[in-house]
Amino acid sequence: MRIAITRLADKGGRDPARCKRLGHDCYPVSPLAATVYPERVAAFVAAVHRGAYDCLFFTSALPAQIIGPLLERWPRVVAIGPQTAQTLQEMGIASETLPSYYSRDFAPYLGEWLRGKTVGIPRADVPNPALLDAIRERGGEPVETRVYGLEATGEELDLGRAEALLFTSAGSFRQAVWTPRPGLLLMAIGEITAEAMAEGGAIPAVVGDGSLEGTLRRLNAYLEEQGSR
Numbered sequence: 024m025r026i027a028i029t030r031l032a033d034k035g036g037r038d039p040a041r042c043k044r045l046g047h048d049c050y051p052v053s054p055l056a057a058t059v060y061p062e063r064v065a066a067f068v069a070a071v072h073r074g075a076y077d078c079l080f081f082t083s084a085l086p087a088q089i090i091g092p093l094l095e096r097w098p099r100v101v102a103i104g105p106q107t108a109q110t111l112q113e114m115g116i117a118s119e120t121l122p123s124y125y126s127r128d129f130a131p132y133l134g135e136w137l138r139g140k141t142v143g144i145p146r147a148d149v150p151n152p153a154l155l156d157a158i159r160e161r162g163g164e165p166v167e168t169r170v171y172g173l174e175a176t177g178e179e180l181d182l183g184r185a186e187a188l189l190f191t192s193a194g195s196f197r198q199a200v201w202t203p204r205p206g207l208l209l210m211a212i213g214e215i216t217a218e219a220m221a222e223g224g225a226i227p228a229v230v231g232d233g234s235l236e237g238t239l240r241r242l243n244a245y246l247e248e249q250g251s252r
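Numbering (my numbering), first residue to last: 24 to 252.
Calculated from the structure, these hints are not laboratory results. Note that beta-carbon positions come from the ideal geometry of N, C-alpha and C, so glycine has one too. Among the hints, erroneous ones may be present.
Unchecked claim - Result set (SDA-like, lysine to any residue): computed pairs, CA atoms no more than 20 Å apart in a straight line: (1) Lys-140 / Glu-119; (2) Lys-140 / Leu-155; (3) Lys-140 / Val-71; (4) Lys-43 / Val-71; (5) Lys-140 / Glu-167; (6) Lys-43 / Glu-236; (7) Lys-43 / Gly-194; (8) Lys-43 / Gln-109; (9) Lys-140 / Ser-126; (10) Lys-140 / Gly-162; (11) Lys-43 / Val-166; (12) Lys-140 / Arg-99; (13) Lys-140 / Arg-159; (14) Lys-140 / Val-166; (15) Lys-43 / Asn-243; (16) Lys-140 / Arg-161; (17) Lys-140 / Leu-180; (18) Lys-140 / Gly-237; (19) Lys-43 / Met-24; (20) Lys-43 / Glu-167; (21) Lys-43 / Thr-168; (22) Lys-43 / Glu-186; (23) Lys-140 / Thr-120; (24) Lys-140 / Pro-98.
As the list claims (entries may be wrong) - For each label pair, taking beta carbons as the anchor points, the in silico distance ranges come out as: (25) Met-24 / Ile-226: 29 to 35 Å; (26) Asp-48 / Glu-113: 20 to 26 Å; (27) Arg-184 / Ala-56: 29 to 35 Å; (28) Leu-93 / Arg-25: 35 to 41 Å; (29) Gly-139 / Glu-218: 30 to 36 Å; (30) Gly-139 / Pro-39: 42 to 48 Å.
I would like the entire structure built from these sequences, with the hints used as guidance.
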């Protein structure tokens, strides 16, 4: 299938190779654009270099792209998913990947290790109180630095070439300008995105595991099931 995938403007460079490997074609559509905050980036990097954090948690690939090239040393590093981990690896930064690709899994994954530890979290200018509360409940101290902001592009998504539309976050769905049409297969990268879509009246036919590759595998299973009926 030819899949339109919501990505930040100028991002999603690895998507075509992943899609091709699993038998599909894809292209990015951008409901959101990112604005980097250089002063906050510099402050976060300086804090890492002076040893302020016992662990860094990268909640998406973009903060990894922003922060990674500036780091000369780092503590324990955790990536939310495989794409974020690959981004860090390409910069020579070894990281652990959460067993399932949701920030709610961060505190349970680290467990008792968090007690007395400070966690640096470079992220978008979007609140995630549940993550911070979960770290504190385990005895850790979360320190968020919002190193970039997200703004709606306001541009209608180009779906003329698409047979399917994959929303990669709840925010990308809520901010997207698009026109549903018969025959357009809707997909969500994970359950949180799927919930946002359902609330907006766009129930996805395919719900992934939080990763692009996992979503494509579930798409293939869905298509196989549909073909057998």
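Structure-based check of all given hints:
Annotation: proposed proximity of Lys-140 to Glu-119 holds, straight-line Cα distance about 17 Å (limit 20 Å). Of the pairs offered as hints, the one joining Lys-140 and Leu-155 holds, with about 13 Å between alpha carbons and a cut-off of 20 Å not exceeded. In summary, the hint linking Lys-140 to Val-71 is supported, as the alpha carbons are separated by about 14 Å, within the 20 Å threshold. Distance hint between Lys-43 and Val-71 is unfulfilled; the C-alpha atoms sit about 38 Å from each other, more than 20 Å.
For the given pair, Lys-140 sits about 14 Å from Glu-167 by alpha-carbon distance, which is consistent with the 20 Å threshold. With a CA separation close to 11 Å, the supplied pair Lys-43 and Glu-236 stays within the 20 Å bound. Between Lys-43 and Gly-194 the CA atoms are separated by roughly 26 Å; this puts the pair beyond 20 Å, and the hint is violated. Of the pairs offered as hints, the one joining Lys-43 and Gln-109 holds, with about 18 Å between alpha carbons and a cut-off of 20 Å not exceeded.
Pair hint Lys-140 plus Ser-126 holds up; C-alpha atoms about 17 Å apart against a cutoff of 20 Å. For the hint pairing Lys-140 with Gly-162, the CA-to-CA distance comes to about 8 Å; that is within 20 Å, so the pair holds. Pair hint Lys-43 plus Val-166 does not hold up; C-alpha atoms about 39 Å apart against a cutoff of 20 Å. Among the hinted pairs, Lys-140 with Arg-99 is consistent with the structure: their alpha-carbon atoms are about 11 Å apart, no more than 20 Å.
Taking the CA atoms of Lys-140 and Arg-159, the gap is about 10 Å. The hint holds against a cut of 20 Å. At roughly 11 Å between alpha-carbon atoms, Lys-140 and Val-166 fall within 20 Å of each other, so this suggested pair holds. Under the criterion of a C-alpha separation no larger than 20 Å, the hint pairing Lys-43 with Asn-243 is consistent with the structure, at around 12 Å. Between the alpha carbons of Lys-140 and Arg-161 the distance comes to roughly 10 Å, so the proposed pair stays at or under 20 Å and holds.
Distance restraint check for Lys-140 and Leu-180: the Cα-Cα separation of roughly 43 Å exceeds the 20 Å cut-off, and the hinted pair is therefore not satisfied. Restraint check for Lys-140 and Gly-237: not satisfied, since their Cα atoms lie roughly 32 Å apart, outside the 20 Å limit. Between Lys-43 and Met-24 the CA atoms are separated by roughly 10 Å; this keeps the pair inside 20 Å, and the hint holds. A threshold of 20 Å between alpha carbons decides the hint, and for Lys-43 with Glu-167 the separation of about 36 Å lies outside it, so the pair is violated.
Taken as a hint, the Lys-43 and Thr-168 pair is broken in the structure, with Cα atoms around 36 Å apart against an allowance of 20 Å. With a C-alpha separation of about 15 Å, the suggested pair Lys-43 and Glu-186 falls inside the 20 Å cut-off, and the hint holds. This hinted pair checks out: Lys-140 and Thr-120 have alpha carbons roughly 19 Å apart, not beyond 20 Å. Using a Cα cut-off of 20 Å, the hinted pair Lys-140 and Pro-98 holds, with the two alpha carbons roughly 11 Å apart.
Roughly 18 Å separates the CB atoms of Met-24 and Ile-226, a value that falls outside the hinted 29 to 35 Å. Look at Asp-48 against Glu-113: about 24 Å separates their beta carbons, and that is inside 20 to 26 Å. Here the CB-CB span from Arg-184 to Ala-56 is close to 21 Å, at odds with the stated 29 to 35 Å. Take Leu-93 and Arg-25: their Cβ atoms lie about 37 Å apart, and the range 35 to 41 Å holds.
At roughly 34 Å, the beta-carbon separation of Gly-139 and Glu-218 lies within the given 30 to 36 Å, and the hint holds. Hint check: Gly-139 to Pro-39, Cβ distance near 44 Å, so the stated range 42 to 48 Å holds.
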